[in-house]
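A.B. asks: The lines below spell out each chain.
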Amino acid sequence: MTARSGVVGPRREDDPGAAHGAHGAESGVNTALLGMLLFIGSEAMFFAALFGAYFNSRAQFQHWPPPIHPGETEFHLDLVLPVIVTAILVISSLTMQWAVWRIRAGDRTGMNRALIVTLLLGVVFLFLQVYDYAQLLGEGLRINRDIFGTLFYTLTGFHGAHVFGGVVGIAVILSRGLAGQFSARHHVAVEAVSIYWHFVDVIWILLFLTIYILQ
Amino acid sequence: MATTVLSPRAGVYQRSRIYEWLTTTDHKKIGIMYVTAAFLFFLLGGVLALFIRAELAAPGTQFVEAQSYNQLFTMHGTTMIFLFVMPMLTGFGNYIVPLQIGAADMAFPRINALSFWMVPLAGLLLFSGYIVMDVARAGWTSYAPLSIVEQGPGQDLWIVSLILLGTSSILGAINFIATIFKMRAPGLTLMRMPIFVWTVLVTSFLLLFALPSFTAATAMLYIDRNYGGGFFNPAMGGNPILWQHIFWFFGHPEVYILILPAMGVVSEVLPVFSRKPLFGYRAFVIATALIGFYGFGVWAHHMFTTGAVFLPFFAFFTFLISVPTGVKMFNWIFTMWRGRIRLTTPMLFAIGFIANFLIGGLDGAFAAVVPFDYAIHDTYWVVAHMHYVLVGGSLFGIFAALYYWFPKMFGARLNEGLGKLHFVLLFVGTNLTFFPQHLLGLDGMIRRINDYAPDNGWTELNFLSSVGAFTIGISILPLLWNLFITFRGPRDAGADPWDANTLEWAAASPPPPYNFEVVPEVRSERPLFDLKYGHLLPAHQVRKSGASRVLTQGLGAHGGDRGVATGGVIPAAPGTTHDEFRLDSPEEKFGKPVEGHEDEHGRPRGITPEAPEKAAPIDPSARADHEK
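In the order they appear, the protein sequences are chains C and P.
Residue numbering for the first sequence follows the working numbering, starting at 1 and increasing by one per position.
Residue numbering for the second sequence follows the working numbering, starting at 1 and increasing by one per position.
Simulated from the structure, these hints should not be mistaken for laboratory data.
Worth double-checking, as some hints may not be accurate.
Unchecked claim - Chain C regions said to be covered by chain P (calculated; three or more residues, Cβ under 8 Å):
#1 53-67
#2 148-161
Unchecked claim - To list a few chain C residues with every Cβ distance to chain P over 12 Å, as calculated:
#3 Leu37
#4 Phe47
#5 Leu136
#6 Gln215
The structure presented is a predicted model; accordingly, all values stated were derived computationally and were not measured.
Where is the CB? At the ideal position from N, CA and C, for every residue including glycine.
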C-alpha cells in the first residue's frame, strides 16, 4: 500500500522522532504506526462480524430484501446518492494521501490545504448520509422494519461513526498542522490518520458493493 | 524503597501517594492495580459461586429463588472470566513482560493506564445491576433470544460493561504486541524470548482478532433490545443461531486467552524449580502459536447440537488442537524429568496445574466426539470440564504466578507454610468440587438449574461438590493471612530469591521506575542463568551456546562487561580464554549442587558475588538437546 511504503522506508534512519528511547528493534515500522495498524486490524474484525451477520441473514432468504410482511412492495435502494458519496470518499482518500506526500516533501502549507479539502469532503459525506437516512425513513425503511432495515442502519451507521472518528482525527492533525508541528521528518500522526482514513474508505467500498450493488 | 530522582523537578512538586497511583503510567504500578482489582473481583465472584453451591447442596429451595439463581450464575461466570482471569493475567503481563524483555515500560504507557481504568469502571457498571435491582440473568453466554426477551436494564448493563472490557482488552493487546515487537533488549530475538512473553504475545493476537467480533455481537444485541432490531429475531427475518456463531467465534479463542498466559507462567516456574532449561523450547513456541491459530477454527464445536454446523470439520479441528496441547504436556513433564526439583509453593501450583489440566483437557477431547457431545451437551459434564481448565488450570497458574513473582513485585516472599496449606486445600477442594460434576453430567443433570428432585439420585454428589466448593472458599483464608503478614514483614527477598533464569530477576525487587540501570544484552533465552553460571558450562557447549558469546564478548580479548544488568555478576576473571572453561571432572563440569544456596533464615540468596561458586547442576544432555 502506498501509505505503508513511506512508513517502512529507509527514511527512518535520519528520523529524530524514531524511537530513541526504545533500545533495539529500531528498524521497521514506527511504534505508533504499528499501534495504528494493529488497531485497524481489530476494526477489520469488527466489520467482519457485521458483514458475517449480513451474509448469514441473507443466506436464509431467496429474495433480498426478504418479504417479511406479506403484501408489501419489494424495497429497492436507490443508487444515485450512494454513488455520489462513494466518489466523495474515494476523492477524500486521494486528497488525504496528497497531504501525506506534501508533508513528506516538507511542504506544510500544501499539507494543510489537502487536509482542509479532506476534512470538508468527510463532513459532506456525513451530511449526505444523514440526508440519505431521512429520505429512507420517509420511504418506510426503519431499523425495526425487518432484518434488512436492521442490517442497513447498523452497517452504515457503524461506518458513519468511523467516518466521524476520522473527521475528528483529521481536524486534530489539521490544527496541529496549522500550528506548524509537522515536518518532513516528524509527522507520524499524519501517517497514522491517513492509514485510518484509507481503511474507512475501503470499508465503505465493501459496504457499497454489498448493500447497493448486490441487491 | 529508595526512590530515584529522575528529573530535577521530580523532587520539587510533592504529590500525594493516592494522586501518584491514580495518575501513574508506570507499567509496574498499573500491573499491581490490575492484579489487585482482579483479586477483589475474584473474591466477589467466589462468594457468588458459594451461593450457587449452597443452593445446590440439597434438593429444594434453600437460599435463593430461581430468578436470583439465574442472576448468580450469570454474574459468577461473567465476573470470573472478564473481571478476574483476564485482568489478572493482563496484570502479571503488564508487570512482568517489560521486565522480561529488558524494557523500561510498555510501548504506550498512557493507553496502558486507560486500559486498566476501564476494568473497575466496567465492573462497577456490571454490579450496579444490584443497585437498580435488575441483574443480567441470561448466563455469561447470553444466548439470544433469551437475552432479548429478558426485559430490564440488567442485561443492558451487562452489554455496556462487556463492550468496555472488550475495548480495554483490545487496547491492552495492541500495547503488548507493540511492546514485544519494538522494545526488546539488544540480542533478545524472538526465539530467545521467555515463554511467558510468547504466550502473552499469542494471547494478544487472539484478543485483537477475536474480541472485536464479540463487541459487534453485543452491539447487535443492544440494537435488538433497545431499537427494535431483528438480528436474532426470527419474526423479523433474523437468526438466533447467528448470536452463537459470533459469540463462539470469540468465545473459543477466549478459552485460549484465559489459559495460554497461565501455561506461560507454568513454563517459567518449572525450569527454575527443576534446575533445567525448558524441554523443547522451540516445540513449545510452535505449539503455542498453533493453538492460537487453530483456536479460530473450532468455534462451532460449542454448537454441535444446533444441527446448523458442519460437524466433521469442527470435530476434526477440535481433535487437531489437542496435538499441540499434548506437546506442551510432554514439554512440562520432561522439563521436570531428572531435574533437581524444589517443591516450593509456586512449583506446587505449577504441578497442580499440569495434573488438573490433564483431566480438563481429556474432558475436552471427549466432548469433541460428536455423538458423545450430543449426550453431554449443556450438562454438568460441561461445567466440570470448563472448571477443570479454568479453576484447575488458569487459577492454579495465576496462584503460581502470584507466589513466584510476589517477591519481585513487593520485595518479600510469601510464607511457604501458609502457601503450601493454601495449595493443598485448593487442590483437594478443586477436585472434590468438580470431579463429581462429571458423574452428575453423565447422569443427566442439566447445567443452570436451581433445583432437583430428591429421587433424581443427585443428592450425594451435589453435596460432595458443595463441600468441595467451601473447601476452595476456606483455602483462600490462608492466602489472605499470608498476604497480611507478608505485607507487614520485612522486604528483604533480594533481587533473585528463586535463583531464576530470566531478566526480571536481574532488576532490584521491586524494580526502580526505570527498571534497568544498564540496558541488558541477551545471548540466550536464559540471560540471567548465563550471567550467573555461564562460566561453568563445558567449553564445547560454550562455543555453540548463547553463553559463549556473553563470555567471549564480556571477557577475554574484548575485556568489557557488556551483558550485565542491574546487580549482575561478571562470571570470570578477565584475561581468560574460553579454552580454560573446558572442565574435566564431573563435579566441575556440572557444578556443585545447590546445597547451601539458602541462607541461615531459609531464604535463598539473591545475586551475590559468591553465587557463581555455589552453582546449580547443569544437565548437559538437556542443554545440548535444547540448543539444537
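A.B. asks: Does each hint fit the structure? Answer for all of them.
C.D. replies: Against the structure, the hints come out as follows:
Closer than 8 Å: that is the beta-carbon criterion, and the stretch 53-67 of chain C has 6 residues meeting it against chain P, so the requirement of 3 holds. A count of 6 residues in the stretch 148-161 of chain C with a Cβ less than 8 Å from any Cβ of chain P is obtained; the coverage claim is therefore met, three being the minimum. Separation of C/Leu37 from chain P is inadequate, the least Cβ-Cβ distance of about 9 Å not exceeding the 12 Å criterion. Distance check on C/Phe47: its Cβ comes as close as 8 Å (rounded) to a Cβ of chain P, failing to clear the 12 Å threshold; non-interface status is violated.
Consistency note on C/Leu136: stated as away from chain P, and its beta-carbon is indeed over 12 Å from all of that chain's, at 15 Å minimum. Even its closest Cβ contact with chain P, about 16 Å, leaves C/Gln215 beyond 12 Å, as expected for a residue assigned away from the interface.
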